[in-house]
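Asker: What follows is each chain in one-letter form.
Protein chains: 2
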Amino acid sequence: MKSEARESDRRDPFDRIFHPANIAIMGVSAKGNMFGTGILNALEAIKFSGTIYAVNPKGGEFNGRRIYRSLDEIPVGIDFAIIAVPAEKVPAALEECRRKGVAGAEILSAGFSELGTEAGRRLEQEIRDISAKGIRVVGPNCFGIYCPRSGLTLLPGPDLSRETGPVGFLSQSGGMSIDFAHIGKWMGIGFSKVISFGNGADLRETELLAYFGDDPETEVIAMYMEGVDQGREFFKVLKDVASRKPVIINKGGLSEAGSRAVASHTASMGGSGTIWKSVLRQSGAVQVGDLWEMAEACLAFSLLPPRVFENITVAGGGGALGVSACDIAEQFGFSIPMLEPHISEAIVEHLPKPGSSAKNPIDAANPFTSPQAYRQAFLNAAKDPRIDLQILIQLLYHYKVLAMSFGNLPVKDVAPYGEFAEMASEVTAATDKPVVVVMPNLKQGREALDIEDLIREARAAFLAKGIPVFSDLGNCLRALAHVSSYYARRKARGHEDACRTY
Amino acid sequence: MKSEARESDRRDPFDRIFHPANIAIMGVSAKGNMFGTGILNALEAIKFSGTIYAVNPKGGEFNGRRIYRSLDEIPVGIDFAIIAVPAEKVPAALEECRRKGVAGAEILSAGFSELGTEAGRRLEQEIRDISAKGIRVVGPNCFGIYCPRSGLTLLPGPDLSRETGPVGFLSQSGGMSIDFAHIGKWMGIGFSKVISFGNGADLRETELLAYFGDDPETEVIAMYMEGVDQGREFFKVLKDVASRKPVIINKGGLSEAGSRAVASHTASMGGSGTIWKSVLRQSGAVQVGDLWEMAEACLAFSLLPPRVFENITVAGGGGALGVSACDIAEQFGFSIPMLEPHISEAIVEHLPKPGSSAKNPIDAANPFTSPQAYRQAFLNAAKDPRIDLQILIQLLYHYKVLAMSFGNLPVKDVAPYGEFAEMASEVTAATDKPVVVVMPNLKQGREALDIEDLIREARAAFLAKGIPVFSDLGNCLRALAHVSSYYARRKARGHEDACRTY
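Chains A and B, in that order, give the protein sequences. So for the first sequence, the numbering used here puts the first residue at 6; every next one is plus one. So for the second sequence, the numbering used here puts the first residue at 6; every next one is plus one.
None of these hints come from the bench; they were simulated from the model. Possibly wrong hints are sitting among the right ones.
Claimed, not checked - In the DSBU-like style, the derived pairs of lysine-lysine whose C-alpha atoms are separated by at most 30 Å in a straight line are:
#1 Lys-417(B) - Lys-36(A)
#2 Lys-417(A) - Lys-405(B)
#3 Lys-405(A) - Lys-417(B)
Given the structure is predicted, the values throughout are model-derived calculations rather than measurements.
So that you can see chain A by itself, here it is in the shape it has in the complex:
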């Protein structure tokens, strides 16, 4: 027993926390009515890769699983603990973990400094004191850690994905963590780790950001922040990490009322919005306004090459679409240049007539234009050396009318989304200019659930080929603008640094 604990000790504590060989859950009751039972069920549902030990001083059994009375009863060393006991019992449970040699614990329980009471603050200080003696703590008042590789999951997260990916997400808010993990699942964002650190008694933004900066599994970092503990140190780390990996930050509470809401939510000092904005800008981080903008930026950063995009094509069926695309593109700093006449001519040859136009935007005249025609359009447009990226607008809902006219076929059988995904990925590979897809749904009525189903299938088909999909052109261009301006800034700074060296 002791030797196994010592064996574990040789591994890096963060590695033992994120990829634990085993977990102890403190606070699983035989009656199944405690907080810890929820996380136990979630870990079983998501098929956590290691061994789970349930712990409760009362002992007993839950769903055929033995409940240990204490960590000492467990015959092996423990890597990671989940503490879900009432607030006043948390310090004793954490101390028990520390004595057992546990590398880290996430404390899901609430009832600490966020209450704004003296008792709450004192309990949190006890956690801090125990942690300082040699155990890392995530929380309290948090939803914990989600790590798809090992199968750790957030508090109400039984149905999260086990697929890993490049995005690491940090959040003071538990709600934001679980929401972001859920959005990521269908939007196509793969996670290395999601960490909800709540009140952040020990581990919090600065150290976790530095960890993500060095973590080889994490290539894109996203954060939801309400306040900051050590501002100067945080911004130093942020500047360093953001110079190596994109760091996308959603700072909540930039408004006056928002800052008041922050105080009653995670007990952080919000700070002035103006100062935050300017400091974040200087740090080289990517600033986003909400969860959706953050998710779309993460998707773009994880699926697109690290480049500056300036000139794009937009192709789809329907003229007003093109007009609107141009207006939005300009707003986000992109240009939709008119293609050379010989390129336009080569494209328009493959498009339906009348009604098509290939000056850029490329108007394919109707929403049923074939993947083959678009292939020719994109391959030809890519020959224009100015073009950096191409956008395909897919109005799949129109296929419903087509499906009806073919004797009420299922719309999924009529829309050639698989061929479109194939085409987009082939064109991207052949031209080294990414094709990005926008698939809005204008028919969201109760009778048209089959269109939503089609769009979701199609999104999955594009994502399986590494093609990012957005549901709105404006949001797509906003995300692309984040990628582009991040790498433009990095390029400019690299240039500055090079100049300084001489």
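Please build the complex by placing chain B on the supplied structure of chain A, with the hints as guidance.
Answerer: This is chain B only, laid out in the frame that chain A set:
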């Protein structure tokens, strides 16, 4: 026959166009392969209220329906004609209509000035000349008229709603018209008329806007414009109409590339973006950036009272939600004031503990808080005289986990959306302060179509009670800001005018 034609003549031509006793469709082929067949099928599908006469010089039968060789063969007078013959045959068809005494015709055919050719321009001039002799024309190069009351529908519009409502929509672009009509159907926007006027050879923005201004069926006017024919006259009419009814305008082609796309789309002169923006501002119209913003503004204008909203409450389950709400509210000029302590206390009494907070934003601690608790929250908050409007954020997707834990019940059976709709409508009636709902969907995966289904059912339940529903808080507040600032401007102008009188 002649007497019947004269009988029709006594009615107002616009009334005969929008509510025709009968229609002639020029261009229905016995083989069913002509353009006119599509609109014939659509009119039958939507159950047009009057009689339809199919016309083709070749005669014959289609689906058991007689095809008349000419209008003269039809034994009664005709109110309205739909012309769907090849461009070069359009002038003759239109002249035939005029001689028959038809009040107006929509010309769906393309191949006129939008081609940019001399031949196209000449054909369009012929249409204009015939029209000047006594027949109103919508089009050419358009998708026609949708009028739910009479059952006229747009080109690919067999599945539009027959429910009428206060919104009149004008558009040069056919695609925008059909898209907007589809969005309106599920978003809860009822239409008086939707008019796609394409190249606008006769009827176009100025006259149609003036018509909507006087039309008692139209209370809210929305327009998608690419260019304008008679700028000075249009802005005079716009200023007048906008002082009486909200006019929401989406001007396409404000950017440089957009303006180029406009030229190849509807052959309009786009004009400088800066000039347009400033002229629209001076006119008192509501300017929106795209179709979604226009739809959400129409929803808000049609379901909310004509008022200025300044102070709001936001209630929902989850703290970071409240923080984000405050930030967004400030951005759109709303205030989320802290409620009086006695009001907060009265509210928090009904909310789950711990974790709830009722300072405003009202954090209901978890997403399963009952409609009864929210009723108390909203009724109490409404006692604060500053509060103008209340927002309920409903995270219905959370009910999936609840449904699963109840032995995999259908999520629609578990989420009490009907009671929430009841509550929202009762609170609105009792307090005269509207309750508005935001229902985002964070679980859009292929496996979670039941959540989308639930949200659509819930939206319909709220709409049936007259409660507007938005899918995103930012979009909701943007729409509310349009309503609020429109009525604030009208109030300010009314005041100015009153001062001028003395």
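Asker: Can you name, in rising order, the numbers of the hints this structure does not satisfy?
Answerer: No hint contradicted; all consistent.
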